[in-house]
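*Asks:* Under UniProt numbering, the first residue of the sequence shown is numbered 1, with each subsequent residue one higher.
These aren't lab readings, by the way, just hints derived from the structure by calculation. The model shown is predicted, which means the values in this text are computed figures rather than measured ones. No residue lacks a Cβ here, since even glycine has one placed at the ideal position from N, Cα and C. Careful, some of the hints might be misleading.
[As the list claims (entries may be wrong)] Each pair of labels, with its calculated beta carbon distance range: (1) 118 / 6: 19 to 25 Å; (2) 25 / 72: 42 to 48 Å; (3) 85 / 25: 32 to 38 Å; (4) 125 / 34: 27 to 33 Å.
[Stated by the list, open to error] With a cut-off of at most 25 Å between alpha-carbon atoms, the simulated BS3-like pairs for lysine-lysine come out as follows: (5) 101 / 12; (6) 72 / 101; (7) 33 / 75; (8) 26 / 8; (9) 77 / 26; (10) 77 / 8; (11) 26 / 75; (12) 12 / 33; (13) 116 / 101.
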Amino acid sequence: MNPLTNVKNIEKLSKLELDRGIPIEKSWHQQYKDSAWIFFGGLNYDLTEGDVICVFSQYGEVANINLIRDHKTGKSKGFGFLCYEDQRSTILAVDNLNGIKLASRIIRVDHVEEYKVPKIKEDTESERKKLFTEGCAPQPIYHHNQTKDEEVETLAVIPNG
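Work out the full structure: start from the sequences and follow the hints.
*Replies:* Take a look at the structure:
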């Protein structure tokens, strides 16, 4: 199917659900309720992971991204996969970003039912390995000898005067 036809079909389906007041439990999105991954395609080749995160973070915290690149040149192929921390963000992204014009190109955004994180090759750069294994979500900052299992109490100190 032509990618733009797919964009229009998704838009029609979502609009039809809205017009009929179909509850989320019966929405076509429910088929993907167990996956926080989405596909994005049709990107301008000059866009970076950071650019994609800036756009997609409007609808939730981005946990991981895999912008597909040419193995030899490192240039973007214009598509990739993105994972949100909260699966419900995928619905917002698909409904709101599918079919928009971004950097002079119409992009496609759709759910991914099953996504397999790519295997890390030995010659992969260390920063890219870290992105694959840890994702891109911000990591919590711990103070002194504190561990992630300890509850944090933050006290505000107000100077006198």
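*Asks:* If a hint holds in the structure, say so; if it doesn't, say that too.
*Replies:* Hints versus structure:
no. : hint                 : in the structure
1   : 118 / 6: 19 to 25 Å  : holds (24 Å)
2   : 25 / 72: 42 to 48 Å  : holds (47 Å)
3   : 85 / 25: 32 to 38 Å  : violated (22 Å)
4   : 125 / 34: 27 to 33 Å : holds (32 Å)
5   : 101 / 12             : holds (18 Å)
6   : 72 / 101             : violated (29 Å)
7   : 33 / 75              : violated (32 Å)
8   : 26 / 8               : holds (21 Å)
9   : 77 / 26              : violated (35 Å)
10  : 77 / 8               : holds (23 Å)
11  : 26 / 75              : violated (40 Å)
12  : 12 / 33              : holds (20 Å)
13  : 116 / 101            : violated (28 Å)
Against the hints set out earlier in the document, violations occur for numbers 3, 6, 7, 9, 11, 13.
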